[in-house]
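Could you slot chain B onto chain A? The hints should help.
The residues making up each chain are set out below.
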Amino acid sequence: MKNNYVRKTVIILFCGFLLCPGVSFAKDIAFEAHLDREKVSLGQGLQFELTFDNTQDMPPLALPEIEGLQVRYLGPSTRMSIVNGKVSSSITHIYSLLPLKAGNYKVGPFTFEHNGDTYHAGEINFEVIKGAVSSGSASRESAQVSPEDISERVFLVTNVKNNTVYLNEAIAFTIKLYVNRLAVRDIQYPEFSHDGFSVSPFEKPKQYTEVVGGINYDVIEFSVPLFAMRQGELRLGPVSLKANLLVRKEQRQRLPSGFDEFFGSNMLDDFFGSYQNYPLDLKSADIPIIVRALPEEHKPQNFTGAVGNFSMDASVGPQEVKVGDPVTVKITVSGEGNLNTVTMPHLGASKGFKTYEPQVKQEGANKVFEQVMIPLEEAIQEIPAIDLSFFDPAAGKYMTITRGPFPIKVEKPDKDEKIAIISNQQQNKLVLGDEPLGRDIVYIKVSPGRFFTKGRFLFHNYFFLWMHLLPPLFFLAIFLFDKRRRKLQNNPQYARWLYAPKKAREYLLKARQYCSSNDSKMFYDTVFQTLQEYLGDKFHLPSQGITISVIDEVLKSRGMDESVLLMIQGLFRECDAARYAPLALGKDAMLHTLKQLEEVIMYLQKNKF
Amino acid sequence: MSFKRMAVGILLFVFLYGVNTAFLFAQNSPQEAPGQLFEKANDLYRTAKYDEASDAYEQIARLGFVNGNLYYNLGNSYFKKGEIGKAILNYERARQFMPYDSDLKANLAHAGSLVNTNALQHSANRVLRWFDSLTQGFSINGVTVFLSLLFVCFFVLLICQIFIPVVRKYTMVMASCIVIFLLAGAFSLYRKIDYLNKGAVVIVKETQVRFEPSENATAYFTLPQGSRVEVIDVSVHWYKIKRPDYKVGWVDKTAIELIRQ
Chain A
2 MKNNYVRKTV IILFCGFLLC PGVSFAKDIA FEAHLDREKV SLGQGLQFEL TFDNTQDMPP
62 LALPEIEGLQ VRYLGPSTRM SIVNGKVSSS ITHIYSLLPL KAGNYKVGPF TFEHNGDTYH
122 AGEINFEVIK GAVSSGSASR ESAQVSPEDI SERVFLVTNV KNNTVYLNEA IAFTIKLYVN
182 RLAVRDIQYP EFSHDGFSVS PFEKPKQYTE VVGGINYDVI EFSVPLFAMR QGELRLGPVS
242 LKANLLVRKE QRQRLPSGFD EFFGSNMLDD FFGSYQNYPL DLKSADIPII VRALPEEHKP
302 QNFTGAVGNF SMDASVGPQE VKVGDPVTVK ITVSGEGNLN TVTMPHLGAS KGFKTYEPQV
362 KQEGANKVFE QVMIPLEEAI QEIPAIDLSF FDPAAGKYMT ITRGPFPIKV EKPDKDEKIA
422 IISNQQQNKL VLGDEPLGRD IVYIKVSPGR FFTKGRFLFH NYFFLWMHLL PPLFFLAIFL
482 FDKRRRKLQN NPQYARWLYA PKKAREYLLK ARQYCSSNDS KMFYDTVFQT LQEYLGDKFH
542 LPSQGITISV IDEVLKSRGM DESVLLMIQG LFRECDAARY APLALGKDAM LHTLKQLEEV
602 IMYLQKNKF
Chain B
186 MSFKRMAVGI LLFVFLYGVN TAFLFAQNSP QEAPGQLFEK ANDLYRTAKY DEASDAYEQI
246 ARLGFVNGNL YYNLGNSYFK KGEIGKAILN YERARQFMPY DSDLKANLAH AGSLVNTNAL
306 QHSANRVLRW FDSLTQGFSI NGVTVFLSLL FVCFFVLLIC QIFIPVVRKY TMVMASCIVI
366 FLLAGAFSLY RKIDYLNKGA VVIVKETQVR FEPSENATAY FTLPQGSRVE VIDVSVHWYK
426 IKRPDYKVGW VDKTAIELIR Q
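Protein sequences, first through last, are from chains A and B. Position one of the first sequence corresponds to residue 2 (this note's numbering), numbered consecutively onward. Position one of the second sequence corresponds to residue 186 (this note's numbering), numbered consecutively onward.
With the rest of the complex left out, here is chain B:
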């Protein structure tokens, strides 16, 4: 087999891979009635009927259709209703889809500043913060595709070094770089998924975090609405939560809501 034929083969493979990925994306996006509901909810919002608007947006989510815009608008509706905790919760949900969106960033910062929770939204660990910042502007799917492409690039590089002597010279360096990016990206993706699964936001005005899952237990600290926490254990009516500064305690299940629906 000549080099040309090999190159054609590689290109064909990359093309097929791209088509398949695009197909999978398309599969993940059922485009049905939610569009109309969304328009209706927007109309309600425009007429300042925020309760009805939030119900309409919630209805779309209940149907199983979600995206960044939906959660963003839902967050806005709650904000207008004065429920800052729920607004932050939905902005956080929107962040899983469009973390790069500047409007979302602005609204999240503004809502956070009103309830003074911005200081405790990132991990206290510097290294973890650095890892989080690596993929801050990427959604979970974005990081997944990025890692997938890096994975393909790694093997394309290995294939190229068989046929192109110049590439062979730099294979070790380039392969090392790709592996480092792959590992860092994988860890970052893990953190994102972990946050998605365990992340929660305080939706009541203020809640006491206690040493034990009991109403009579000693209060450890107080969380204002909109505070981000990580759920690490569940009791019947209680969540065991961890604050970004690693303080752990038990909180009533009704006081917080998980980011993942």
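One chain only, chain A, in its complex shape:
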């Protein structure tokens, strides 16, 4: 009992101990920084650790930006140990460092404040050299990045065709990513600041190789069409592009020499994937763009803001119509420039036409306008000319293109056909919703109609309710009848058994008639036939084949009463005697036979065999 109490106390204390280590050891927290190597080749990553001893409640520290060094936080690692009853715990925040150029680097010193306490850790120095670090093996050296600055081997170049543009002029902005002998993966679309510009989505990137200063680069080119929306000096960029650089990991723990020799370190490295992704955030400088307003001089009257160098095609169809039929004017504007600024070209005087809003579609470098026009008069002979005015930034002047007029033939409408063009406003006038209407109840019913007894409904009527028994009963009767019919059809034995008494009654009636008329021959023929048919049907035997011997054999086996069996045999014998021997049997004998026959049938009906 006491032991249990002690054990429980120890467990509770231990749990409490585990749950609040930060509180218990806040004052003894030690802070230190550690780097896995002091010398590293360019292109290799380093692991940097900040360890807090005697606590596990420390947030990660944001490392200051160091030029030429890319820092990434990998996550925390906690540790707890109990040695001789002494508990120690720690948390280590792990960072990866990727030097982007060779040189001496200094990280720290670190000062960190948390919960009112301040922690200090000294600085750490390390060197990045262009050559291979001596401790590495020859094979590993060859797989590492060769001795140049990374920024010389992966960089961004941005370009615009012209730094001085007009308002709304289309600008082709290209961003090129140059990569030389580096594995760059997960390249994302560039992001750039574009205040004052309207930017369309990126086009599909192009990929090619280019030689710059004698070095071969793989190039990915991103193009984005944009145009300036306000005048003045604007800045495009800086551009930022995110990607991952695939770098071989440095093996921290060496395997035993024999093991290494046996398997070969390269083989293990390749197999277990000793490459590591380092995030790259490439940046380029911004580009100044001077945006000028469009000149006011010589601005055409119909100019609506289109900037570019465009051409226009126009067609009209059908060219022969009746009054009230629609004519479609299709205008296609194509060329270089900002198609967003191109609006529906100006149509000349459209008097005598009813027009609707044009439908606009943009298909690649073409913009298509479809204008429906309905001629209202026969006198109309043409669709008026179409003008497109735009500012050509290359030429620095306004241009106007004219197409048409287009001749059309308008005929009279059919005799009874009326022009049915009603505007929405006219239709609205026909709706009577606003008409003030009086409200009152509808007048009384003049006819009394059929009266009912108060409080009596059809469902109160018992006769009506009982009548609902009829359909199920009717169905039940038909169902049973059908079942019997099917049984008779499918089971001839049952059918013969069932109809045997009915047939026997008919034969008995005939026999009685012959008896009355004293016709002994016919009488015994009928009695014989009755016996044969009845016994045949009753016991499912061929009627013609029923003889005394068959009867004896079949009926005995079914356990029939001996006296009845004898009676049947006697009847058969009497019939044979009367039919084949010329004996003149009297009426009494016939009546006796008839009585015996009836008894036999009665017996067989009453008993089942």
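In case anyone wonders, no lab produced these hints; they're calculated from the structure. Be careful, since some hints might not be right.
[To be verified] In silico SDA-like pairs for lysine to any residue, Cα to Cα no more than 25 Å straight-line:
| hint | chain 1 | residue 1 | chain 2 | residue 2 |
| --- | --- | --- | --- | --- |
| 1 | A | 484 | B | 197 |
| 2 | A | 596 | A | 570 |
| 3 | A | 162 | A | 218 |
| 4 | A | 455 | B | 249 |
| 5 | A | 488 | B | 343 |
| 6 | A | 455 | B | 371 |
| 7 | A | 455 | B | 321 |
| 8 | A | 455 | B | 197 |
| 9 | A | 455 | B | 446 |
| 10 | B | 290 | A | 456 |
| 11 | A | 455 | B | 333 |
| 12 | A | 484 | B | 339 |
| 13 | A | 207 | A | 159 |
| 14 | B | 383 | A | 484 |
| 15 | B | 225 | A | 441 |
| 16 | A | 484 | B | 343 |
| 17 | B | 354 | A | 474 |
| 18 | A | 484 | B | 374 |
[Claimed, not checked] Partial list, derived from the structure: chain B residues whose beta carbon lies under 10 Å from chain A:
| hint | residue |
| --- | --- |
| 19 | 220 |
| 20 | 230 |
| 21 | 248 |
| 22 | 289 |
| 23 | 344 |
| 24 | 368 |
| 25 | 370 |
| 26 | 381 |
[As the list claims (entries may be wrong)] DEER-style ranges, computed between Cβ atoms:
| hint | chain 1 | residue 1 | chain 2 | residue 2 | range |
| --- | --- | --- | --- | --- | --- |
| 27 | A | 482 | B | 248 | 35 to 43 Å |
| 28 | B | 247 | A | 448 | 40 to 48 Å |
| 29 | A | 444 | B | 313 | 28 to 36 Å |
| 30 | A | 464 | B | 312 | 50 to 58 Å |
| 31 | A | 482 | B | 313 | 52 to 60 Å |
Quick caveat, the model's predicted, so the values are computed rather than measured. Ideal Cβ positions, reconstructed from N, Cα and C, are used throughout, including at glycine.
Same frame as chain A, but now just chain B:
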């Protein structure tokens, strides 16, 4: 028995059933003196003697003869007298006989709009509202006959599937449909009968619904005239009522009148 004989049998059964139903309807409609009283009441109404007209219509009802037209005209008489609550009560009674009548619908809506009771005339429960809408245009007798015919159809279908192989193929589907309609219709009929038995209308200008059947009890809410309620319990001088939005309280017996007479 051949198929022809069976078909003749079915037709004969349906005919007899129809004749019997018609006979029952005829039994339910004694055609006597109320016709003359009705004409007299109409004459009084025409001469704007609405008090006398309503008395004459009430007299017919007291004799035990009722129909939709009688209650409709009685409702009109009360409306003209300015007793909107009683007008709505009688329109509701007329609705039990001729819910499809457009004049009745118009008058009921108009009377309801004058006392602002149209919002609370249907159940707050959506499913119940849907069931009610199924047979909205049918009277109680109409729904009863409809259900009765569906019942017969069900057995005719069962009989037909015995003799006609094509019908046998679709029996399950058709029988299921009929059963679903039967069940939905039966529930709808139950709702109609329930409303007939328990439905009541406020006939005074305004009445307080209280938490207890006592004059001194706290008022829960107020019902304007013409409001439809459901009577769920009776005390000596009080009805316990339920509003379509399920609010329950006690109201003075003189303030409301049951739709069922």
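Could you check the structure against the hints above and give me the numbers of any it violates, in ascending order? 8, 14, 18, 24, 25, 27, 28, 30, 31
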